[in-house]
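Student: Taken in sequence, the protein lines are chains A and B. One point on numbering: in my numbering, the residue at position 201 of the first sequence is 201, and numbering is uninterrupted. One point on numbering: in my numbering, the residue at position 361 of the second sequence is 361, and numbering is uninterrupted.
Keep in mind that the hints are not guaranteed to be accurate.
[Said to hold, decoys possible] Calculated lysine-lysine pairs in the DSS-like style (CA-CA distance at most 30 Å, straight line): (1) K203(A) - K233(A); (2) K295(A) - K86(A); (3) K465(A) - K379(A); (4) K229(B) - K123(A); (5) K134(A) - K229(B); (6) K233(A) - K295(A).
In case anyone wonders, no lab produced these hints; they're calculated from the structure.
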Amino acid sequence: MTQGNDSPADGSPTINQPAIELSGITKTFPGVVANDDVSMTVAQGEIHAICGENGAGKSTLMKILYGMQSADEGTMRVFGDRVDFKSPTDAIDLGIGMVHQHFMLADQLTVLENVVLGAEPTKSGGRIDFEAAKAHLQEVSESYGLDVDPDDLVETLGVGERQRVEIIKVLYRGAKILILDEPTAVLVPQEVEELFRNMRELKADGATILFIDHKLEEVLEIADSITVLRHGKTVATLPNEGVTASDLAELMVGSELPSPEITESTVTDTVTLEVRNLTVGGGGDRPAVDDVSLKVHAGEIVGIAGVEGNGQSELVNAIVGTVSPSEGSVFLSGEDITRRNVRTRRESGIAYVPEDRHHEGLLLSAPLWENAALGHQTKPPYARGFFIDRAGAREHTETIRAGFDVRTPNIDVSAQTLSGGNQQKLILGRELTSNPKLLVAAHPTRGIDIGAQAAVWDEMRQARKDGLATLLISADLDELIGLSDTIVVMFRGGVVATLDPSDVTPRTLGAYMTGAAIESDDRTDDLKGTP
Amino acid sequence: MGWISSLPGWARWALYAAIGIFVLSLVQTLTGETTELTSVGTSQAMLRWGVPILLAGLGGLFSERAGVINIGLEGMMILGMWFGAWGAINYGGWVGLVVGVMGGVLGALIHAIATINFGVDHIISGVAINIIGPAGARYLSSEIFSGYDGGSITQSPRVPGVGKFDMPFLAGGDVFGWQSPDLLGTIGELEIFFLSDVANLTRGLMSQVAPSTMVAVALVPISWYVLWKTRFGLRLRICGEAPKQGEAQGINVYLYKYYGVLLSGALAGLGGAFIASPELGGIYLEGQVNNRGFIGLAALIFGNYRPAGILMGAMLFAYPFGLGLRDINETASHTLLLVTAVAMAAIALWATSKGRRLDMVVAAVMAGLCAAWYFLSDTVPDWWVNILPFVIVLLVLFFNAQRLRVPAADGEPYRRGE
Ligand SMILES: Nc1ncnc2c1ncn2[C@@H]1O[C@H](COP(=O)(O)OP(=O)(O)OP(=O)(O)O)[C@@H](O)[C@H]1O
Ligand SMILES: [Mg+2]
Numbered sequence: 001m002t003q004g005n006d007s008p009a010d011g012s013p014t015i016n017q018p019a020i021e022l023s024g025i026t027k028t029f030p031g032v033v034a035n036d037d038v039s040m041t042v043a044q045g046e047i048h049a050i051c052g053e054n055g056a057g058k059s060t061l062m063k064i065l066y067g068m069q070s071a072d073e074g075t076m077r078v079f080g081d082r083v084d085f086k087s088p089t090d091a092i093d094l095g096i097g098m099v100h101q102h103f104m105l106a107d108q109l110t111v112l113e114n115v116v117l118g119a120e121p122t123k124s125g126g127r128i129d130f131e132a133a134k135a136h137l138q139e140v141s142e143s144y145g146l147d148v149d150p151d152d153l154v155e156t157l158g159v160g161e162r163q164r165v166e167i168i169k170v171l172y173r174g175a176k177i178l179i180l181d182e183p184t185a186v187l188v189p190q191e192v193e194e195l196f197r198n199m200r201e202l203k204a205d206g207a208t209i210l211f212i213d214h215k216l217e218e219v220l221e222i223a224d225s226i227t228v229l230r231h232g233k234t235v236a237t238l239p240n241e242g243v244t245a246s247d248l249a250e251l252m253v254g255s256e257l258p259s260p261e262i263t264e265s266t267v268t269d270t271v272t273l274e275v276r277n278l279t280v281g282g283g284g285d286r287p288a289v290d291d292v293s294l295k296v297h298a299g300e301i302v303g304i305a306g307v308e309g310n311g312q313s314e315l316v317n318a319i320v321g322t323v324s325p326s327e328g329s330v331f332l333s334g335e336d337i338t339r340r341n342v343r344t345r346r347e348s349g350i351a352y353v354p355e356d357r358h359h360e361g362l363l364l365s366a367p368l369w370e371n372a373a374l375g376h377q378t379k380p381p382y383a384r385g386f387f388i389d390r391a392g393a394r395e396h397t398e399t400i401r402a403g404f405d406v407r408t409p410n411i412d413v414s415a416q417t418l419s420g421g422n423q424q425k426l427i428l429g430r431e432l433t434s435n436p437k438l439l440v441a442a443h444p445t446r447g448i449d450i451g452a453q454a455a456v457w458d459e460m461r462q463a464r465k466d467g468l469a470t471l472l473i474s475a476d477l478d479e480l481i482g483l484s485d486t487i488v489v490m491f492r493g494g495v496v497a498t499l500d501p502s503d504v505t506p507r508t509l510g511a512y513m514t515g516a517a518i519e520s521d522d523r524t525d526d527l528k529g530t531p
Numbered sequence: 001m002g003w004i005s006s007l008p009g010w011a012r013w014a015l016y017a018a019i020g021i022f023v024l025s026l027v028q029t030l031t032g033e034t035t036e037l038t039s040v041g042t043s044q045a046m047l048r049w050g051v052p053i054l055l056a057g058l059g060g061l062f063s064e065r066a067g068v069i070n071i072g073l074e075g076m077m078i079l080g081m082w083f084g085a086w087g088a089i090n091y092g093g094w095v096g097l098v099v100g101v102m103g104g105v106l107g108a109l110i111h112a113i114a115t116i117n118f119g120v121d122h123i124i125s126g127v128a129i130n131i132i133g134p135a136g137a138r139y140l141s142s143e144i145f146s147g148y149d150g151g152s153i154t155q156s157p158r159v160p161g162v163g164k165f166d167m168p169f170l171a172g173g174d175v176f177g178w179q180s181p182d183l184l185g186t187i188g189e190l191e192i193f194f195l196s197d198v199a200n201l202t203r204g205l206m207s208q209v210a211p212s213t214m215v216a217v218a219l220v221p222i223s224w225y226v227l228w229k230t231r232f233g234l235r236l237r238i239c240g241e242a243p244k245q246g247e248a249q250g251i252n253v254y255l256y257k258y259y260g261v262l263l264s265g266a267l268a269g270l271g272g273a274f275i276a277s278p279e280l281g282g283i284y285l286e287g288q289v290n291n292r293g294f295i296g297l298a299a300l301i302f303g304n305y306r307p308a309g310i311l312m313g314a315m316l317f318a319y320p321f322g323l324g325l326r327d328i329n330e331t332a333s334h335t336l337l338l339v340t341a342v343a344m345a346a347i348a349l350w351a352t353s354k355g356r357r358l359d360m361v362v363a364a365v366m367a368g369l370c371a372a373w374y375f376l377s378d379t380v381p382d383w384w385v386n387i388l389p390f391v392i393v394l395l396v397l398f399f400n401a402q403r404l405r406v407p408a409a410d411g412e413p414y415r416r417g418e
């Protein structure tokens with residue numbers, strides 16, 4: 001808690017006092033120095049961006065500032081007062097709120113319960129005053145245009161809505177300093193714009209915002225100043241004036257970025273994946289996937305564009321076998337796999353990068369080498385006959401670690417100790433090195449820094465050249481346009497357009513995704529289905 | 001059938017209970033073999049048998065909602081039974097219950113320290129408690145009960161209770177010395193189909209009951225209120241659903257897990273003390289807990305981790321036991337076979353309407369077997385009613401597994417700041 005004030009001022013926050021002053025913050029984990037003598041100052045009322053490679057120590061620094069982890073060394077001042085947080089409660093008491101990189105919501109609780117937790121208004125006898133809580137929640141959500149239904153169960157919400165709940169949670173407590181750890185990673189461009197509008201409004205109300213982002217254009221658009229971390233050290237703090245994205249990139253990785261090469265088409269005639277008249281759900285409700293047909297050829301990347309919640313997740317689930325479709329069929333290399341279970345599908349050559357790495361991609365408390373075998377545990381090099389091949393699995397994990405630059409002290413640490421981006425790189429490495437026929441990748445570069453992103457794209461292009469068929473789902477329109485050979489737009493569960501990436505821009509694609517272009521474009525019907 | 005799922009939990013369960021009683025009275029009337037299926041005595045016996053199961057189930061509820069699996073309930077009940085008997089013998093019935101609660105808390109404290117502080121696997125710790133509980137009780141008996149008149153290493157002298165009463169107006173209890181009318185008794189004697197059966201079964205829950213039983217039943221709505229309406233309950237539940245998230249919002253997860261486990265022990269201890277009280281055994285006797293801790297866990301699962309469901313589960317499991325006690329010539333258990341057949345047939349129909357073919361086949365085969373057994377025999381061996389509760393648990397797990405909502409982080413180790 002606040003330990004008094006050893007500066008000559010009387011301690012009350014004044015306008016010229018910085019909101020946050022960190023000096024000499026050091027934090028080590030077994031085998032890693034996550035923060036190494038970090039110092040930074042954040043002025044009151046500014047939007048301060050923090051950039052850096054995966055594993056640079058950004059999240060760790062923010063968790064220290066929020067009292068979730070304690071620094072080994074260094075001092076923190078909040079509004080001029082020296083603080084020493086024992087737990088998040090102490091930080092919350094001083095008006096600090098944090099939205100975490102991986103959502104911190106309980107799925108089986110309602111939005112209201114999630115929001116009020118820890119700051120419940122109570123009547124006598126410890127009874128929660130749900131009326132008052134709801135009124136306050138609605139007040140907050142209206143004044144910032146953050147629309148949510150307090151009685152919804154969180155598990156029914158999409159990522160955009162979850163993000164809103166997280167922000168409301170922080171605002172509900174009247175936070176004056178907001179920490180947002182990669183808030184835009186899971187959002188589509190329209191949602192990012194909305195978030196930025198909210199952030200500007202908050203700033204106008206006097207809030208101080210710290211936020212982490214890997215997309216440099218976004219940083220340059222919204223931030224007042226930018227701090228760059230590299231290998232746990234502060235490289236620089238710059239005002240957002242005359243800085244370019246490549247300046248930032250150079251500060252982050254220490255060298256210039258490789259520019260993505262132009263590649264020619266490698267599409268072949270062999271159909272690897274065919275989805276025929278697939279419908280998921282329905283029976284009373286509107287089906288989540290509505291009569292979708294598409295083909296992915298060997299050597300082709302088919303991108304699926306769409307605002308979150310328009311059936312992309314369900315389509316992916318039906319292809320990998322985690323839900324069974326109500327109608328239609330799925331063919332892999334001409335074989336009908338509609339009735340096969342997930343394991344046989346994976347064994348016959350489907351690689352899968354799930355959209356939610358924590359729920360579907362990893363066993364957080366298992367070591368990296370076990371995680372590397374996940375989904376491929378029945379095949380060499382992970383297995384020899386009936387038994388797990390420990391040595392083979394470990395060796396292969398080392399290959400993934402080196403090839404995909406997974407930053408970790410060793411492969412025996414648990415997956416939860418990796419930074420978010422490094423967890424993603426491990427999953428990508430596991431899937432891309434499994435010699436698949438088909439790669440189903442949902443948001444493959446989500447949370448990955450720009451350097452690693454370029455490397456992943458190169459891997460995907462290389463695999464495509466070697467005949468891999470890829471179904472790519474992404475909220476990053478530049479990624480979709482840059483990688484895909486064909487783009488399919490999904491809207492309300494159906495395919496509404498099939499486009500050639502060479503003549504679309506993110507703007508026109510966005511119009512298709514929101515359904516705006518459909519009424520005005522009567523060619524859509526001709527384009528429906530695959531060429 | 002959508003309207004059923006939109007009902008609040010207690011109303012839904014009341015509806016299911018009414019359907020169950022309807023089937024019982026229908027079968028009983030048609031076969032004319034017995035009247036025990038819906039008698040006051042059966043209902044009284046069911047309640048007495050069900051209370052310890054209920055208390056164990058509620059105990060499991062608090063622990064598992066806080067994210068700690070508690071299969072040590074059995075051991076905690078044994079400690080509760082010993083301490084309850086000791087307290088009651090020395091200081092009277094009510095004190096006995098309180099001391100029993102403390103005995104259960106003692107067992108729970110070990111479980112809490114092991115699982116919460118030292119990160120021991122919850123199952124292993126629970127098994128350990130189930131070994132320590134009876135061993136401790138036996139040791140204490142040899143030290144203490146052996147020295148009492150009528151006591152030995154495996155049993156205590158008679159344990160005093162807390163008295164009994166009848167509910168005024170509904171079951172003819174008296175109000176300050178005045179004998180009130182016995183409304184349910186009157187209806188029961190009219191022998192109207194279904195209505196009198198409901199009256200009899202309800203009257204059994206209200207006549208000659210111990211106040212301690214009333215307390216136990218009152219704990220059902222109290223538990224619901226505490227867990228879903230108070231700040232304490234919300235904070236406890238977050239520890240079972242998403243402890244990290246709770247931590248991020250400033251909740252002291254360790255503290256609330258402790259509360260959950262200790263409350264769990266308190267309820268199990270109360271259940272154990274109840275077993276030693278004259279409501280059931282009337283003495284401490286080794287082995288008397290007789291797996292009720294595990295049956296309580298089954299009631300917890302049957303009730304989908306909610307108090308009203310746990311109550312129903314406890315009563316459903318206790319019903320065959322209660323019936324078995326009353327059933328001298330084994331005709332009632334025999335009739336119960338036919339009831340089971342009807343219930344399985346109903347499940348088969350339900351499964352058909354849901355298009356679940358395997359479930360349908362299994363239920364239909366079981367219905368056929370029960371019916372065949374019924375028509376080919378005149379009596380059934382007494383193990384039949386004793387295994388029925390366990391059969392019901394297996395059936396619930398088989399037919400309802402997908403709908404169960406286990407707290408998401410139940411049984412997961414938790415460390416702050418990881
Ligand atoms: N709980 C932990 N135990 C051990 N090591 C950890 C733990 N948390 C983080 N680390 C290590 O500290 C380093 C910094 O991690 P951090 O999560 O701060 O990175 P980051 O900058 O947020 O990266 P990203 O952009 O990928 O999210 C990483 O090398 C990571 O492996
Ligand atoms: Mg991070």
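Student: Measure nothing beyond the straight line between the CA atoms of K233(A) and K295(A); if it is 30 Å or shorter, mark the hint as holding.
Tutor: violated (48 Å)
Student: Given the hint that K203(A) pairs with K233(A), does the C-alpha gap stay at or below 30 Å?
Tutor: Judged against 30 Å, a Cα distance of about 27 Å means the pair holds.
Student: Between K295(A) and K86(A), does the CA-CA distance stay at or below 30 Å?
Tutor: violated (55 Å)
Student: When you check the alpha-carbon spacing of K465(A) and K379(A), does it fall within 30 Å?
Tutor: Answer holds: K465(A) to K379(A) is near 24 Å, not above 30 Å.
Student: Given the hinted pair K229(B) and K123(A), is their Cα-Cα distance within 30 Å?
Tutor: holds (11 Å)
Student: Verify the proposed pairing of K134(A) with K229(B), using a straight-line Cα cut of 30 Å.
Tutor: holds (14 Å)
Violated hints, listed in ascending order, are 2 and 6; each of the other numbered hints is respected by the structure.
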